[in-house]
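K.L.:
Those protein sequence lines, which keep their order, are chains A and B.
For what it's worth, my numbering labels the leading residue of the first sequence as 2, then goes sequentially.
For what it's worth, my numbering labels the leading residue of the second sequence as 2, then goes sequentially.
A couple of the hints might just be wrong.
If chains are identical, the list can't say which one is meant, so a pair holds when it fits in one copy or spans any two.
[Stated by the list, open to error] When the alpha-carbon atoms are kept at most 30 Å apart in a straight line, the in silico BS3-like pairs for lysine-lysine are as follows:
1. LYS42 x LYS207
2. LYS181 x LYS194
3. LYS270 x LYS186
4. LYS290 x LYS186
5. LYS110 x LYS144
6. LYS238 x LYS181
7. LYS44 x LYS144
8. LYS195 x LYS160
9. LYS88 x LYS186
Calculated directly from the structure, the hints in this document are not laboratory data.
There are 2 protein chains.
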Amino acid sequence: MFPRETTIHDIARELNVSASTVSRALKDHPAISPKTREVIKAKAHEMGYRSNALASGLRTRKSSTLGVIVPRLNSYFMSTVLAGMEKAAVEAGYHLIIMQSFEMEEKEKENIRLLFNHRVDGLMVSTTSPASDPDYFEPFFKKNIPVIFFDRTPNNQEKYNCVTIDNKRAGYQLTRHLLKNNRKKILHVTGNKKIEVYRQRLEGYKLALHEKNLAFDPTLVWETGLGVDDGKQIAEKILKMPALPDAIFVANDTCAIAIMHHLQAQGIKIPEKIQITGFNNDPFSAFAKPALTTVNYPGEIMGKVTANSLIHLINTKHVEERPFHHILDFELLIRESTMNQA
Amino acid sequence: MFPRETTIHDIARELNVSASTVSRALKDHPAISPKTREVIKAKAHEMGYRSNALASGLRTRKSSTLGVIVPRLNSYFMSTVLAGMEKAAVEAGYHLIIMQSFEMEEKEKENIRLLFNHRVDGLMVSTTSPASDPDYFEPFFKKNIPVIFFDRTPNNQEKYNCVTIDNKRAGYQLTRHLLKNNRKKILHVTGNKKIEVYRQRLEGYKLALHEKNLAFDPTLVWETGLGVDDGKQIAEKILKMPALPDAIFVANDTCAIAIMHHLQAQGIKIPEKIQITGFNNDPFSAFAKPALTTVNYPGEIMGKVTANSLIHLINTKHVEERPFHHILDFELLIRESTMNQA
DNA sequence: TTGTATGCGTTATCAG
DNA sequence: CTGATAACGCATACAA
Numbered sequence: 002m003f004p005r006e007t008t009i010h011d012i013a014r015e016l017n018v019s020a021s022t023v024s025r026a027l028k029d030h031p032a033i034s035p036k037t038r039e040v041i042k043a044k045a046h047e048m049g050y051r052s053n054a055l056a057s058g059l060r061t062r063k064s065s066t067l068g069v070i071v072p073r074l075n076s077y078f079m080s081t082v083l084a085g086m087e088k089a090a091v092e093a094g095y096h097l098i099i100m101q102s103f104e105m106e107e108k109e110k111e112n113i114r115l116l117f118n119h120r121v122d123g124l125m126v127s128t129t130s131p132a133s134d135p136d137y138f139e140p141f142f143k144k145n146i147p148v149i150f151f152d153r154t155p156n157n158q159e160k161y162n163c164v165t166i167d168n169k170r171a172g173y174q175l176t177r178h179l180l181k182n183n184r185k186k187i188l189h190v191t192g193n194k195k196i197e198v199y200r201q202r203l204e205g206y207k208l209a210l211h212e213k214n215l216a217f218d219p220t221l222v223w224e225t226g227l228g229v230d231d232g233k234q235i236a237e238k239i240l241k242m243p244a245l246p247d248a249i250f251v252a253n254d255t256c257a258i259a260i261m262h263h264l265q266a267q268g269i270k271i272p273e274k275i276q277i278t279g280f281n282n283d284p285f286s287a288f289a290k291p292a293l294t295t296v297n298y299p300g301e302i303m304g305k306v307t308a309n310s311l312i313h314l315i316n317t318k319h320v321e322e323r324p325f326h327h328i329l330d331f332e333l334l335i336r337e338s339t340m341n342q343a
Numbered sequence: 002m003f004p005r006e007t008t009i010h011d012i013a014r015e016l017n018v019s020a021s022t023v024s025r026a027l028k029d030h031p032a033i034s035p036k037t038r039e040v041i042k043a044k045a046h047e048m049g050y051r052s053n054a055l056a057s058g059l060r061t062r063k064s065s066t067l068g069v070i071v072p073r074l075n076s077y078f079m080s081t082v083l084a085g086m087e088k089a090a091v092e093a094g095y096h097l098i099i100m101q102s103f104e105m106e107e108k109e110k111e112n113i114r115l116l117f118n119h120r121v122d123g124l125m126v127s128t129t130s131p132a133s134d135p136d137y138f139e140p141f142f143k144k145n146i147p148v149i150f151f152d153r154t155p156n157n158q159e160k161y162n163c164v165t166i167d168n169k170r171a172g173y174q175l176t177r178h179l180l181k182n183n184r185k186k187i188l189h190v191t192g193n194k195k196i197e198v199y200r201q202r203l204e205g206y207k208l209a210l211h212e213k214n215l216a217f218d219p220t221l222v223w224e225t226g227l228g229v230d231d232g233k234q235i236a237e238k239i240l241k242m243p244a245l246p247d248a249i250f251v252a253n254d255t256c257a258i259a260i261m262h263h264l265q266a267q268g269i270k271i272p273e274k275i276q277i278t279g280f281n282n283d284p285f286s287a288f289a290k291p292a293l294t295t296v297n298y299p300g301e302i303m304g305k306v307t308a309n310s311l312i313h314l315i316n317t318k319h320v321e322e323r324p325f326h327h328i329l330d331f332e333l334l335i336r337e338s339t340m341n342q343a
């Protein structure tokens, strides 16, 4: 019904050359004379030729495709990461296949399997699973297909290629900021503590407390989903506390803003009564009232660095000796305009 | 260096059957006896067999891959759309290749070309280009590879498959809401007017004015990039107006909130002095102070509907008679708690 | 500089 | 129900 695709053979026939010559000419192989190369290219264009990536991939064992697995697509932070990845990937001639794990380990495994079958040339993962040893990446490791974890990494980072920020230091600085403002009872609202990013932030929080000789109180660490709805529940729970905290260190902006909103709705003065900090520098954090102190998480750069590192690994055939760990710079954004410094 | 991949031939050899039998067994072909099917599947599993999507795609002329082109990845709305698409696609056995056009027509064309070469089975596009007749989709049309536009469609929607909301009606309702609040001078801050979504919203705005016998003043329609930075500039420009508007209908939440923020910083009372409405229902719009009246744009559903429609087109071999146009429901979210109704 | 021959792994066709 | 064979479109080793 639809005319067969024009192939290099069709071009070859038209020009009375061989298919290999056409193949070579089209990819600027040096062994082809400039003249014939131009002729072939012109003809190819004229005939509306399109290279068949599938055939090419089958032959070269390369799909020119990178796989990405993220817990969820719909967060601002994640989209900036993906934006950076897409740009870097396309510039290097790769496509991006993006999949969601929806915070389910089973789904993550399935995605890994599917991307493996799809013969991606490399894989970038922000892991759902806190598992200390994700052996379901074995097929990739065995075939030496590079895998890089970004943002949410497995627990033993030294075994894997990772791109992160120093979450511990960030957590430390945020907590320190609150302590400087004479806050004594700091609630820490965080995500799944088995996940490295959240564990690190908690470590930073503890360190800052320790430095000030303040006792760490485990009942002040609340594990949640960090979503908008969680924020509302947290606020309600806070209001029921016998003694309110005087500060809250929330592990992302979304939830921080939701908490703030609901506390304010109940008449709590922010930041006078309770000071709040977030994490991620969502665009709205600067517009919250009061503006939210947060950590600028360089999403686009993280995406770019991850993708470029992956492509580098793909291109360097020889096995890298040991995994690398890129730690990107973050930025503490202090936004309180009129705070009493201690 | 790395052991060759196990193929159906390897399995066939081990079991003394033919490769075709293995191939059939693995995809549950009815003509294979249940017994041998199970034996083959077990062996395949044992040998760590993985189907090669490239080879399969080359043979069947199907890549099991859907292409997506969007102007930018990093907006909340777009990520919800993609989240919906990814889910629907994976459920139907497809992968998603996502590309950005960065609001550049050239980039969009290049992406179309790349995805065509990559042999995607279908294409979903939120177009960058306001061009009335995007002939660079011709390769797809010619080969009868389905293309669906979502959100941002070409101008002559009747010629293409589209999934949208009724932007005109939404714009109309928002404007009407402002008029009901006795607003007389409504500034409309919008995106590129050549783009259908923005044109439609403007049409709705005009209609509402017309209905109230208010003259349409073209100088009250400002075209911008609708980003955070644009918001600041707009605010500054507003403050320089000889007579301030008493309402602003902004074509997205991000920009609306930015404008609101900067006007408030200059002492303008919102909504008393100037009432503002947004568009998209970004999660933060509910937390803005005051909360932003907006239109709930069903991103995830849009993604799901678009992907499912595309897959349907792929599966129905016969050419559809005419393009379809799915118009999704939106929801006007009125958020002003204490407004004086006219 | 170009051509020939072969194979990448799978599936469709046809035969048995 | 199963097997043999060819073909999908391209790229490469080798030959010329």
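K.L.:
Hint by hint, say whether it matches the structure.
P.N.:
A quick look at each hint next to the structure:
| no. | hint | in the structure |
| --- | --- | --- |
| 1 | LYS42 x LYS207 | neither (64 Å within a copy, 52 Å between copies) |
| 2 | LYS181 x LYS194 | within (26 Å within a copy, 50 Å between copies) |
| 3 | LYS270 x LYS186 | within (16 Å within a copy, 35 Å between copies) |
| 4 | LYS290 x LYS186 | both (22 Å within a copy, 27 Å between copies) |
| 5 | LYS110 x LYS144 | within (17 Å within a copy, 35 Å between copies) |
| 6 | LYS238 x LYS181 | within (26 Å within a copy, 39 Å between copies) |
| 7 | LYS44 x LYS144 | between (39 Å within a copy, 20 Å between copies) |
| 8 | LYS195 x LYS160 | within (17 Å within a copy, 52 Å between copies) |
| 9 | LYS88 x LYS186 | neither (44 Å within a copy, 42 Å between copies) |
Of the hints listed earlier, those the structure fails to meet are numbers 1 and 9, in rising order.
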